[in-house]
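Q: Here's the letter readout for the chains.
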Amino acid sequence: MRELKITPIKNGTVIDHIGNGLSLEVLRIIGVNDLDKDSTVSVVLHVRSQKLGWKDIVKVENMELSPRKVNAIALIAPTATISIIREFKVREKRVVDLPERIVGVVRCPNPSCITNQREPVESEFDVARRRPVVLRCAYCERLVDDFLLHLA
Amino acid sequence: MGLKGRDVISIRDLSREDIEEVLKGTRRMIPYAEGSKVGQQLAGKLLMLAFLEPSTRTRLSFETAMQRLGGRTASITDPAASSVKKGESLYDTTRMLSAYGDAIVLRHPNEGAGRLAAQASDKPVINAGDGAGQHPSQTLLDLATMQEAFGTLTGLRVVLLGDLRYGRTVHSLAHALGVFGAELVLASPSSLALPEDVREDLDHLGAKVTEVDQLHQAVREADVLYVTRIQRERFADESEYAKVAGSYRVDSALLSGAKPRLIVMHPLPRTTEIAPEVDGSPHAAYFRQAFLGVPTRMALLSLILTGKAV
Chain A
1171 MRELKITPIK NGTVIDHIGN GLSLEVLRII GVNDLDKDST VSVVLHVRSQ KLGWKDIVKV
1231 ENMELSPRKV NAIALIAPTA TISIIREFKV REKRVVDLPE RIVGVVRCPN PSCITNQREP
1291 VESEFDVARR RPVVLRCAYC ERLVDDFLLH LA
Chain B
189 MGLKGRDVIS IRDLSREDIE EVLKGTRRMI PYAEGSKVGQ QLAGKLLMLA FLEPSTRTRL
249 SFETAMQRLG GRTASITDPA ASSVKKGESL YDTTRMLSAY GDAIVLRHPN EGAGRLAAQA
309 SDKPVINAGD GAGQHPSQTL LDLATMQEAF GTLTGLRVVL LGDLRYGRTV HSLAHALGVF
369 GAELVLASPS SLALPEDVRE DLDHLGAKVT EVDQLHQAVR EADVLYVTRI QRERFADESE
429 YAKVAGSYRV DSALLSGAKP RLIVMHPLPR TTEIAPEVDG SPHAAYFRQA FLGVPTRMAL
489 LSLILTGKAV
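Protein chains in written order, with this note's numbering: chain A, 1171 to 1322; chain B, 189 to 498.
Mixed in with the good hints, there may be bad ones.
Said to hold, decoys possible - Computed list of lysine to any residue pairs in SDA-like fashion (alpha-carbon distance at most 25 Å, straight line):
id, chain 1, residue 1, chain 2, residue 2
1, B, K274, A, Q1287
2, B, K396, A, R1306
3, B, K274, A, P1290
4, B, K192, A, A1308
5, B, K274, A, E1289
6, B, K274, A, R1288
7, B, K396, A, A1298
8, B, K274, A, N1286
9, B, K274, B, R247
10, B, K396, A, V1304
For the record, the hints were derived by calculation from the structure and aren't laboratory data.
Could you put the whole structure together from the sequences, leaning on the hints where they help?
A: Quick look at the structure:
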């Protein structure tokens, strides 16, 4: 593979094989504003990929993803791989896996759903179908396929 | 696993066996509901009724069911006069109710409220309607009505007529009929057609579903004609309501070509969907259906509170 013009990171996370154009959604999930001020975030858009044709890549220094964020990425970018880098070496590499239940990542699009009222409750969805992904609100049972529009 | 101690929020929470258990219990409860037998099965039990949206029939039938079996009820019937008005969350209200009573019956204007209440409560919660969402005890009494008339649900040809989009009773009913292998025929104005997700659910169950334009033809071949009310409160626009409200009506002429055993059902209250002349015909089953709400809720409450319905 051709070398990319981005410096390697010492410690952090590389999210590779993100579907073309979806890296900005992935950044939203990671929460760039919450990162250490000295961390570098690199986003590579529209890179040739043997597997996907075109792909995006996100590299974030000094951060390891929480399981909840991994679940959210699985929803947006089901083809992604996540590599944990320590001391410039890949210490762990895994393919994201969509769980049975998604908590807190997507808002229910039904305005009358109890999760959109003033209640002490997080949104929660069951994966009703996997290909393509369709979610069912665990509260009001509304089916959601356009969840990119409803990220929490 | 039996229904004792369980929440009944959506008809999806109930397996076919659970539903059959309720239907069997309903038959046994009929003499108690009629008053020809006196029951004490629920003596000492207190049911909390939280009706945060108007309801007559459902609230009254739960109260009646409880009292006919020797139990008691305590209720919130006017949210304007309760802590809900002061901005208390449903979560907190439910925690309080579950500390006071043995089970909770909830009606609420927001979809998913029943599920939230079930999480907040450590006592069983029965969803008695959440917004345009689920109303499982209505579905159970609908099934009980068909079961009583035909002895089975499997293979029945059921026409669902009217507001199939907003009518909450219809979505749960369609699912349950799909589980039991009934055949569904959909007849509605196009603006009130069954939502796509409900259709997909039925396809997933392998249910046979057809849509018709010609109501006469559909009625001739039907075992059950299930009529729903077009709910004015679900329309933002009065002229839109008026346009669809008059678009269907069940009367003697429509029923003249029907099978002798056809039953006409309606969750009530009706407005103009069924002409009063139908009330005296052998097809009219809607008042029997309303009555069966009591023994159905007796069976459900007994199963949830004591594990048996005898």
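Q: For every hint, state whether the structure bears it out.
A: Outcome of the hint check:
Distance restraint check for B/K274 and A/Q1287: the Cα-Cα separation of roughly 15 Å lies within the 25 Å cut-off, and the hinted pair is therefore satisfied. With a C-alpha separation of about 23 Å, the suggested pairing of B/K396 with A/R1306 holds against the 25 Å cut-off. Our distance criterion of 25 Å between C-alpha atoms is met by B/K274 and A/P1290, whose separation comes to about 16 Å. Taken as a hint, the B/K192 and A/A1308 pair is honoured in the structure, with Cα atoms around 23 Å apart against an allowance of 25 Å.
Of the pairs offered as hints, the one joining B/K274 and A/E1289 holds, with about 14 Å between alpha carbons and a cut-off of 25 Å not exceeded. Of the supplied pair hints, the one linking B/K274 and A/R1288 holds, its CA atoms being roughly 13 Å apart against a limit of 25 Å. Note on B/K396 and A/A1298: the hinted pairing holds, with a Cα-Cα distance of about 21 Å set against a maximum of 25 Å. With a CA separation close to 19 Å, the supplied pair B/K274 and A/N1286 stays within the 25 Å bound.
Of the pairs offered as hints, the one joining B/K274 and B/R247 holds, with about 23 Å between alpha carbons and a cut-off of 25 Å not exceeded. Restraint check for B/K396 and A/V1304: satisfied, since their Cα atoms lie roughly 23 Å apart, inside the 25 Å limit.
Going down the numbered hints, you'll see the structure goes against none, and every one checks out.
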